[in-house]
Amino acid sequence: MSNKPTLETIDITVFPNGVAELAFNRPNRYNSLTPQAYKDWLVAIQWAANEESVKVCVLTGRGKYYTSGQELTLPDPEEEDLAEKFAQRHLTTKTLVKEMIQFPKLLIGAINGHCIGFGTTTAALCDVVYSVPDATFATPFMKLGFCAEGCSSVLFPRIMGSSKANEMLLLGRRFSAKEMEECGFLRILPAEGFQEHVLKLAGQASEFSVEAMKVTKELVRGVDRDLLLKTNEIEMERLMERMGSADSFESISKFVEESRRKKAAKKKQGAL
Amino acid sequence: MSNKPTLETIDITVFPNGVAELAFNRPNRYNSLTPQAYKDWLVAIQWAANEESVKVCVLTGRGKYYTSGQELTLPDPEEEDLAEKFAQRHLTTKTLVKEMIQFPKLLIGAINGHCIGFGTTTAALCDVVYSVPDATFATPFMKLGFCAEGCSSVLFPRIMGSSKANEMLLLGRRFSAKEMEECGFLRILPAEGFQEHVLKLAGQASEFSVEAMKVTKELVRGVDRDLLLKTNEIEMERLMERMGSADSFESISKFVEESRRKKAAKKKQGAL
Amino acid sequence: MSNKPTLETIDITVFPNGVAELAFNRPNRYNSLTPQAYKDWLVAIQWAANEESVKVCVLTGRGKYYTSGQELTLPDPEEEDLAEKFAQRHLTTKTLVKEMIQFPKLLIGAINGHCIGFGTTTAALCDVVYSVPDATFATPFMKLGFCAEGCSSVLFPRIMGSSKANEMLLLGRRFSAKEMEECGFLRILPAEGFQEHVLKLAGQASEFSVEAMKVTKELVRGVDRDLLLKTNEIEMERLMERMGSADSFESISKFVEESRRKKAAKKKQGAL
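Residue numbers (our numbering), protein chains in the order written: chain A, 194 to 465; chain B, 194 to 465; chain C, 194 to 465.
Keep in mind that a hint or two might mislead.
Identical copies carry no separate label here, and so any pair may be met within one copy or between two of them.
[What the hints assert, rightly or not] Calculated lysine-lysine pairs in the DSS-like style (CA-CA distance at most 25 angstroms, straight line):
| no. | residue 1 | residue 2 |
| --- | --- | --- |
| 1 | K393 | K336 |
| 2 | K407 | K287 |
| 3 | K287 | K393 |
| 4 | K447 | K407 |
| 5 | K336 | K407 |
| 6 | K447 | K393 |
| 7 | K407 | K423 |
| 8 | K278 | K232 |
| 9 | K447 | K336 |
| 10 | K423 | K371 |
| 11 | K423 | K197 |
| 12 | K460 | K278 |
| 13 | K460 | K371 |
| 14 | K459 | K447 |
| 15 | K447 | K197 |
| 16 | K456 | K393 |
| 17 | K460 | K197 |
| 18 | K456 | K407 |
If you are wondering where the hints come from, they were derived from the structure by calculation, not from laboratory data.
With the hints as constraints, model all of the structure from the sequences given.
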């Protein structure tokens, strides 16, 4: 395992049975997705896909959040190479979704806590999703003037039914883990021993014939792969347009301002 | 809002926040769908789609029924222009389904009471569906010798799973709101304050970026639009054949006769 | 009904209302699927499809199992015509799935007890599925080095959502009837009077217009038929490769050996 990457934001553990755990590891930042975090995720998933000794991959997070989603910052117009950085980040995200769609091994999402935005959409690209009981799920895309991504425009309606999918995507409603379980998105495992439980299930899967797993995963995913790859292209194009739009800039400004005010109020209250 | 249509069977209210409520408004006739009611529905939905000040559209009914579905009457062979009227009604229904498929804004179904036939099938064409707890849902197509319409042949299996979809479409089983919620078709809101609750949720959505909503709705619906449009064409062709068939005529006769007998029995009992 | 086939492993009953019940009838062998059982199933389903007096078909089993799935035996290399027999069995299975996909009448799955492998996958090809409360469902394909079949690679994710589908197909988790009901696969009916209950529901459907049923079933199934037929071809090709592979042979050997040991232990315990 000499080639196991060492990453700033993701903690990789490989167990002797061939289970690799990739864990978002910035708990004090709610595992928010900075440009670096997207890059690390891409490196980690590509490594797990290609590393022969890895049979099963578990995607999880450390702390109270799985991930709080994309870190929201207002572009500083004085920053150098702004357009280039934006394009680079866009490409990283698109490639990451593509790698998730094409991941050739069993990919288990182990939702250890709250799950926002890109964390929620990409969970639908995992083969199996487990969650702790008190996690919540949200995609506040409309509030930010964004749009659906991570193939959620296609996968959410299929998994959850159109009404619940649109409540999440178009209305931005936050779902409890229980509701996500009821609509077939995941299965809840007890909070106590959650990580061990998931790793045990992953370990059982690692004993199966690697070839049989690969063939069956290909049968399940193969029928939709082209549609998902195309959906990713279209979603990402729309998202880039949205992120560059005036109404989205305004929405983010409002959001960032609100966050600042809340933080300041909290600080003040703490000081009293 | 000078161009807001005034309709015989549908009550249109537009709120300052851009939410338009279209309400079936013949409660004493259980909001049954007469030829006029189909025409009004079509006018209302086309208006809501095109009127720029409308951001979100809520479809609901007044009284104990959302809609009891198509009003069943036996064709009177002495009536003039029977074939022409039949063809006109057919075209109106087909165009209405088409407009629902292509509706460019957020469309919320607010099921205020019992929901039969075309009311149930077209609910699946709404982006989000809410229901009062004691509504029931049924598509008694087989009893009448009809067939699936409103794209239910495609949308019901996707939303509910094939077994529940076929229980409704092929066996004509009536579903409770709770069961519809469990199979992902809708979400139940409390009966008390139902209308206000839905309008509040619609109002929250009306504050989002109109463009972001449009783009995301297009991502969700766009992938299936051609299939749904084609399904509507095929279903409507089959339905026209079915409605003109001897076995359907016989089924409707039996149904109408039964209804008459029940009504008469009720009257007699009331007189005693 | 002079042409009603008499079969070794399937019991066929035809009721005057046009309901035909096909029942797996080797309860002392848990209705396991021997080469003969596959052949009988094929004959029975083809007969039900073509026999004009049959309007509705119910598929069920006698005893504590619906079916325990394919009977596992290790190929005896000394057996004559081994390759030919293998190819014949393969063709029978593939044709059977094809007939289930194309079955032109209402097909009801009445799951009377535990349901394993091919029994579980083909249940998803029935229009409506009912189950007793204490049945369990499993597809232990990975344990045997096999792969998804019976169109489960396409139908399971659609019905159950991808996570539950993959828990079953890739992880081999056993589901309770309650969980299968919750994910939309079936509806539970009380154990007492289960058969009568299903036959009554089937009887009600047999009173509907045969033509209306046929048209609506065609609308529901027609949109997916080509995809399902193609999926069957691909799955069966992969399964044939899998069954001929060294790792699958090893998995089956282990499984058969375990079964023998368990049986011996049981016998010994009984003797003490």
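Hints versus structure:
no.	hint	in the structure
1	K393 to K336	between (39 angstroms within a copy, 16 angstroms between copies)
2	K407 to K287	both (24 angstroms within a copy, 22 angstroms between copies)
3	K287 to K393	neither (32 angstroms within a copy, 36 angstroms between copies)
4	K447 to K407	between (46 angstroms within a copy, 21 angstroms between copies)
5	K336 to K407	between (39 angstroms within a copy, 14 angstroms between copies)
6	K447 to K393	between (44 angstroms within a copy, 21 angstroms between copies)
7	K407 to K423	both (23 angstroms within a copy, 19 angstroms between copies)
8	K278 to K232	within (12 angstroms within a copy, 54 angstroms between copies)
9	K447 to K336	within (10 angstroms within a copy, 54 angstroms between copies)
10	K423 to K371	neither (31 angstroms within a copy, 36 angstroms between copies)
11	K423 to K197	neither (31 angstroms within a copy, 40 angstroms between copies)
12	K460 to K278	neither (33 angstroms within a copy, 71 angstroms between copies)
13	K460 to K371	neither (33 angstroms within a copy, 45 angstroms between copies)
14	K459 to K447	within (18 angstroms within a copy, 62 angstroms between copies)
15	K447 to K197	neither (41 angstroms within a copy, 34 angstroms between copies)
16	K456 to K393	neither (40 angstroms within a copy, 28 angstroms between copies)
17	K460 to K197	neither (41 angstroms within a copy, 51 angstroms between copies)
18	K456 to K407	neither (48 angstroms within a copy, 33 angstroms between copies)
Hint compliance for this structure: hints 3, 10, 11, 12, 13, 15, 16, 17, 18 are broken, all remaining hints hold.
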